[in-house]
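Trainee: Model the full structure from these sequences, guided by the hints.
There are 6 protein chains.
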Amino acid sequence: MSDQPPITPLSDAEPGQQADCFVVLAAKDRAKTRDGKPYFRVSFRDAARKATAMIWNDTRWFADCESSWQAGGFYKIRCRYEENQYGPQIDLLQIREVTDDDADDGFDPADFFVTTRFDPQEMFTELLDIVDEHITDAPLKQLVVNLLKDNEAQIKDSAAAVRNHHAFRGGFLEHVLSVTRTCLYLADKYLAYYPETDPPLSKSLVVAGGILHDIGKLRELESQPQGFAYTAEGRLVGHILLGRDIVREYASAIDELDAETLLRLEHIIIAHQNLPEWGSPIAPHTPESLLVHYADDIDAKYHMMATALELPPEEGEEFTPRDNPLRRSIFRGLTE
Amino acid sequence: MSDQPPITPLSDAEPGQQADCFVVLAAKDRAKTRDGKPYFRVSFRDAARKATAMIWNDTRWFADCESSWQAGGFYKIRCRYEENQYGPQIDLLQIREVTDDDADDGFDPADFFVTTRFDPQEMFTELLDIVDEHITDAPLKQLVVNLLKDNEAQIKDSAAAVRNHHAFRGGFLEHVLSVTRTCLYLADKYLAYYPETDPPLSKSLVVAGGILHDIGKLRELESQPQGFAYTAEGRLVGHILLGRDIVREYASAIDELDAETLLRLEHIIIAHQNLPEWGSPIAPHTPESLLVHYADDIDAKYHMMATALELPPEEGEEFTPRDNPLRRSIFRGLTE
Amino acid sequence: MSDQPPITPLSDAEPGQQADCFVVLAAKDRAKTRDGKPYFRVSFRDAARKATAMIWNDTRWFADCESSWQAGGFYKIRCRYEENQYGPQIDLLQIREVTDDDADDGFDPADFFVTTRFDPQEMFTELLDIVDEHITDAPLKQLVVNLLKDNEAQIKDSAAAVRNHHAFRGGFLEHVLSVTRTCLYLADKYLAYYPETDPPLSKSLVVAGGILHDIGKLRELESQPQGFAYTAEGRLVGHILLGRDIVREYASAIDELDAETLLRLEHIIIAHQNLPEWGSPIAPHTPESLLVHYADDIDAKYHMMATALELPPEEGEEFTPRDNPLRRSIFRGLTE
Amino acid sequence: MSDQPPITPLSDAEPGQQADCFVVLAAKDRAKTRDGKPYFRVSFRDAARKATAMIWNDTRWFADCESSWQAGGFYKIRCRYEENQYGPQIDLLQIREVTDDDADDGFDPADFFVTTRFDPQEMFTELLDIVDEHITDAPLKQLVVNLLKDNEAQIKDSAAAVRNHHAFRGGFLEHVLSVTRTCLYLADKYLAYYPETDPPLSKSLVVAGGILHDIGKLRELESQPQGFAYTAEGRLVGHILLGRDIVREYASAIDELDAETLLRLEHIIIAHQNLPEWGSPIAPHTPESLLVHYADDIDAKYHMMATALELPPEEGEEFTPRDNPLRRSIFRGLTE
Amino acid sequence: MSDQPPITPLSDAEPGQQADCFVVLAAKDRAKTRDGKPYFRVSFRDAARKATAMIWNDTRWFADCESSWQAGGFYKIRCRYEENQYGPQIDLLQIREVTDDDADDGFDPADFFVTTRFDPQEMFTELLDIVDEHITDAPLKQLVVNLLKDNEAQIKDSAAAVRNHHAFRGGFLEHVLSVTRTCLYLADKYLAYYPETDPPLSKSLVVAGGILHDIGKLRELESQPQGFAYTAEGRLVGHILLGRDIVREYASAIDELDAETLLRLEHIIIAHQNLPEWGSPIAPHTPESLLVHYADDIDAKYHMMATALELPPEEGEEFTPRDNPLRRSIFRGLTE
Amino acid sequence: MSDQPPITPLSDAEPGQQADCFVVLAAKDRAKTRDGKPYFRVSFRDAARKATAMIWNDTRWFADCESSWQAGGFYKIRCRYEENQYGPQIDLLQIREVTDDDADDGFDPADFFVTTRFDPQEMFTELLDIVDEHITDAPLKQLVVNLLKDNEAQIKDSAAAVRNHHAFRGGFLEHVLSVTRTCLYLADKYLAYYPETDPPLSKSLVVAGGILHDIGKLRELESQPQGFAYTAEGRLVGHILLGRDIVREYASAIDELDAETLLRLEHIIIAHQNLPEWGSPIAPHTPESLLVHYADDIDAKYHMMATALELPPEEGEEFTPRDNPLRRSIFRGLTE
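Residue numbers (this note's numbering), protein chains in the order written: chain P, 1 to 336; chain S, 1 to 336; chain Z, 1 to 336; chain D, 1 to 336; chain E, 1 to 336; chain V, 1 to 336.
The set of hints was computed from the structure by calculation and includes no laboratory data. Incorrect hints may appear among the rest.
For chains that are exact copies, the list does not tell them apart, and a pair is met inside one copy or across any two.
[To be verified] Below, simulated EDC-like cross-link-like pairs (lysine to aspartate or glutamate); rule was C-alpha separation at most 20 Å, straight line:
#1 Lys-37 x Glu-122
#2 Lys-37 x Glu-260
#3 Lys-189 x Asp-297
#4 Lys-28 x Glu-256
#5 Lys-28 x Glu-315
#6 Lys-156 x Glu-126
Since we're looking at a predicted model, the values are computed, not measured.
Mentor: In structure tokens form, the structure reads like this:
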């Protein structure tokens, strides 16, 4: 492959343009035409665009595609980029695996994943520090610490969603830490405002609930080359029930954990989406679950709005487009 | 207490009538007037009516009420029956515990509970026979058998609901057996109709799902003297999640149980109420869960309608009243 | 037309492919361009795909198209197949009517219609047998028999819907027979369960209701070359009201038919879709109408789910796509 | 019965007051106490209040009540009036049938029914005049005239509803005439505004639709001593379907009636309540049905609002109470 | 530019056709490709179609486009017309500004705007005449007259909506006058029907409300070359609140205006869309606001239906397509 | 009036009890019986209960009631307390105005109003301090300061609602300060999280929005002796629109205020209830309005939940009753 033409990010290619790109093979699906001939539908992507290539069985790429191309592998390709009603397409002209030398041309595997802007280790450490300082119920603290430490790698890596909000590597931890911080604020605040409630608000539970409300995502989602996707149990059971399972599994190893505390913690997870039509089979029936619901909801919705406003505006644009998870145009400002 | 007056069932007393009745003490709640004096609010009932008596602390019953009356105990009372806006009330004139001799006057403890019209032992045996014959997946059969046998007593005794349908002793088993029979019919039928689905419908799962769909009721409800009531975890977690827990606990003891089979069984329980607003966080995504949902729904709704039509009609009544769980007048027939 | 190239089913053609196909002319619509020139938009189809050809007035096909092509006619065509944002398209290269000799090349008119997998005559006979055995109310039996026999041909041929479920030739009868069988099961079952309701459940009515619940489809839909379509009265009045009309017309010829029986039968038809937003102006107010509603609903929904699972899966596919009438991905099974 | 005390309208009696009243016997229901003794629940009413009397079988009125009191009969009673949680009650002290001489004390049977403020004959004549002048389609005119004349007595007498709006004798005709007048206005108006629609708006149909939109009320409701009540077919079928039946019956006698005209007229009746949840299985799909819907809706809603404002205001009341069919307080005006 | 080829309206061009057209430049948006090169997305339109042209920075039109093309300017272009999944497209072959001589070839600026079929001056005069005759409350009349006269030009020019109904130049006035006429009819009618309401219906307010109900559109919408568009305050505040502002501004200059009259007028504007989900924060609580709501709603909905029926039908079409603001196929008539 | 019996708070009286109480006269409504005799319906209350007394015109209190009793006046009464289906009732035995000497028996006017637990002056000062420190946009600060200072007395006194939450004297300020504090937290937090949004989040606007979101309550509600009640404009216009009016009035006096800043502030008020069915005609379209919505919503809902948990529990009560504004039983804790 000649290296004269400069390397173009796949996501910068214009329709009709021939380009050399570094890409990751996101998916390789074998299928058959109606007359029985096998072919592959292959997706290549970089961090910002995914394009499809059809590898028919009478083309020169078919054998290699079948035998050696791997989802998750990095490749250098030369292609013609097109867009049609099914979205971005590429005609593959050349392809080879990436080599160490490609680093000289700017290849960096980290470029191929959208990730949190924050440092996962720092976030994880802060989360542990919050647990240590603010969960004063010792068995509950033990549960949270055990759960966090056993799942540290996945917690640092996971997304918070397939789409909608924090749908990127590390997004789970970014969202969880932000929710937990708001939980801290709200717990301190309302504990002071209503000292007479019987029983008093449990700050330990609000903080533990903030940390664990979405823990079922670790089983609902799985990382795949093409991004995060739902697991079968994610679709058939859902992260709310799966998260409660995880908490109960860790709870069973801590004898001192109070039955009511566990019940309240389970309820926080069950109720954190507030309404049946939003996914919670039971609405918040405790002050702790109410606070965790709000801390979560505001962080998710604010992320959606901020993400819309981070996109560079079109000239003269007073509102963003509506194609964001809020299904709403966000106001940018007057132009006149 | 004179025994001249005949014994009147509490549920037959007319407002203003003085009556001698056998009753069970359903509830005894201690409270305080606003100026700090203690009193008890006591409920007496038979199978068809519950009435309240107020035991003020300056009355002759207060000391006995405090020290010896027991919820669940049987008493013979003389009272004046009244109805006001808070419902049935009684002024207590005399009271003593029931003695063996009261059997001569017709006292029978079994009269105080509404129960299923069917024999619990026969129903339970039939359920086991169905399991034996129709669940061909051996580990799944083991799970169902273990679960049924370990919980036999509670399964035979429990109600299916606090109100709405099958809300009586043995109602759980009556409903479960009826649902399971319909499941058998539907599984046989649709397996034959659609032999080409991939994978084929699992009759074992439909039957197991019919038997276990409401198993969480065993933890959601508890028997109390005044009838069945929600437990705290029943309110905060709900029978769908609690039922899945029970299934998973039993499954963990059966190594041979296939992971997908367990997942499908869990999904049946999760999805059996069909829609979020009816209580299911996830809708049916498998043929087995669709069939169990319908078998359950039709049995519950038919019970509501039949119960309305079993009440003796008012003269000239073409429709039943609307105060049934369907919130609808059921047609009895033309009167002209 | 040369017969060297093999015959390709239209539904197997790949975009860009030139193919010889047997097709039925589904629709021929005359229109005008904005500058007033006439043209035809013609649809050709086989059982699995419909494609559009534009016949401009300056092309060689225009005169024949105008004068002799008939909707419903069978043709052999040579074409180039394409797909664009308006769906499948064909450029017509050659066309002639099918001749008897084409049978040698595999032409069979029956291939062009999706039909029920069951034998219409056998289904119809079974339906009559059920009527004979299970409708014990003689005038009601007469009504059903008259209605079935008078409309036998259309009953055997009709679809149950334009889309959604049983939307194919014979689908009406397939659905009706299946619903009626479930009605039989449910009527026997609940008659035995609740012998005390006043009045008792009428098995005759449940069976008659199962058979006739959708009878208005005979006026709501009409068979057209391109499949089944709504009639004007189907859109403006709807099959529920049209079905009740048919029943009332037949009832008017049977003097002995009890007024209440007729009213109950009408109500079954009116209420069989259960809720206003699903099409029923009045919800089920009788046990018979409740059973027919469920027998119908489960058959329709199960058909949707089974149809999704009958499609051959993509490799590695754990769930079907969402583009089915349930708007839901159906679980196929774990792939790992 | 002494005639010293002045006659008090039942609806003016204060709780605790002993009063002599002329009343109509609205209903007499036989029932049994739980210990099997028969009694009657009897309702007496005047135009503005209905009160219940219990006639126990050991009281002096029981025999007369059983043998001779008639629903619809007029009586002079002496009673003590009370109100409890079940509404107005009376203790019956004396009772006799009204005699001719009671006219001297002010008895007038017409006082016992709320009726339209307009003259039924004049309204009926106006309706016929409108038909004659504005329905230019001759067969359609014939249909409407036949239908009106055949049902003249019931049309003049019926209410438009059991409650909600125009729920009084003659209310049907009052409402129908008002709707028809608005239909005339709207048909003239929009025919002039949009002369280009294809086909043009049919004024004949709008007028006929206005007159006949609620004609099914004649079968849905029946006059009873206690007011208008639903018939069984009213509840099980509903006035929309029953009204279409009437129209079709009359149409079958008019050979010249165009099939499309009849279809459009049926559609107006079917669609006049606009949405499924308001009772129309199909929404307006023609301009004529849209206009009739609005003419009907505004007349019903305005009647509700005007009726609320016709009640004499409480002192200082800026808004009416909310207990009207609009479930809304209507603004009377500022008081300061 | 050669003038041999005849001028084709842009909206008559067929895909693939080369055409000479008079057009207005609707929008000119500057953007950048991902590699940073500027380009313009330009929209040209006539009254019935809008098409996009891409002006890349290496093409001969770029400099002129940047420096001199003006949104709102008229141009004569030669282009190749295409349609793809993003809608109508043009390849620009030649372009120049329209000159006076183009009138000889049929150019008329008025052709480029859809406008009301009625004469704005006549409509405006009629509106003033209605005010003069029917608003008898002098300060209220003053308010309406001042407001109309100050905003005469914009009132005559504005559309009533961006889409949905009366979405064309002069549509605002056409709709307002029509609503006001219906208000007159309804006010006269119901004032006569219910003379006893307390207070009586205010015809002055109904008429003023009809005229001013949508007055906030003058601030919600603005005229742009490509049609009417929402202003930022239109999106963030909405025409209901903006209309009330205008009324209050004019009211503040009229000392004699009664506080209650102003409050009632504000309420009419606030409530005219009836339900929260239709845009009104508060439902009609006065008879005047109820009438204005209906007069408005029927005019909007009838316009939608009439507009669908004004489109020329396809051959054999019994119903219009569903792509109108009612989302419903309108019945044209039977074809057989 | 003898002073032997101890003074009982009205809210502590038991049904049937004779009691001496200090009360405030909450309302005095003149009405007429149906036979034309005047009477008064008078409400007396303390901070926790309101009871009704009927003053008939033939009783000894009628003349005094008519001529001298004043809503808002304090009285000492001797009464018999009863409860019936219309709620608490009193038979008045004696009554006189409160005198200075009654202070010796514990009379304190402040006891008759539920008020905030916080010091209004301190809260008001804190609010001004927040404005001073955190609203950095000078004209916006000026607007807020002017508005607060001009309305200081009413701001300190008003309730936040008639019922639901913070429905007591000073509740408005308590709620506003709490919301503003949360706004500060959220603004600081999300400004730091998303520094790249264009435009950046305006902390000045979030704080100003928090302070002013409910400012329309000052016109929607008015203080009356019986508590806070809706004004006519409160019902017909609503606090959202009234609040925006107040802001615009103050804005008109500050020339330097940026048009966009004002528009954003108005939008915060309009959108703060988030959804049409919750009262906001337009949903949040800016980050500032999103944050204010959540800060408000959580404070209202938490107040409801905390208030339920502040009520003293019944013995053995695991959940509070459902009769709170959340319509939900709140979990207190396990009892076993």
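Trainee: Look at each hint and say if it fits the structure.
Mentor: Here is what the structure says about each hint:
no., hint, in the structure
1, Lys-37 x Glu-122, "neither (52 Å within a copy, 39 Å between copies)"
2, Lys-37 x Glu-260, "neither (61 Å within a copy, 32 Å between copies)"
3, Lys-189 x Asp-297, "both (18 Å within a copy, 15 Å between copies)"
4, Lys-28 x Glu-256, "neither (50 Å within a copy, 33 Å between copies)"
5, Lys-28 x Glu-315, "between (39 Å within a copy, 10 Å between copies)"
6, Lys-156 x Glu-126, "within (12 Å within a copy, 41 Å between copies)"
Hints 1, 2, 4 from the earlier list are contradicted by this structure; the remaining hints agree with it.
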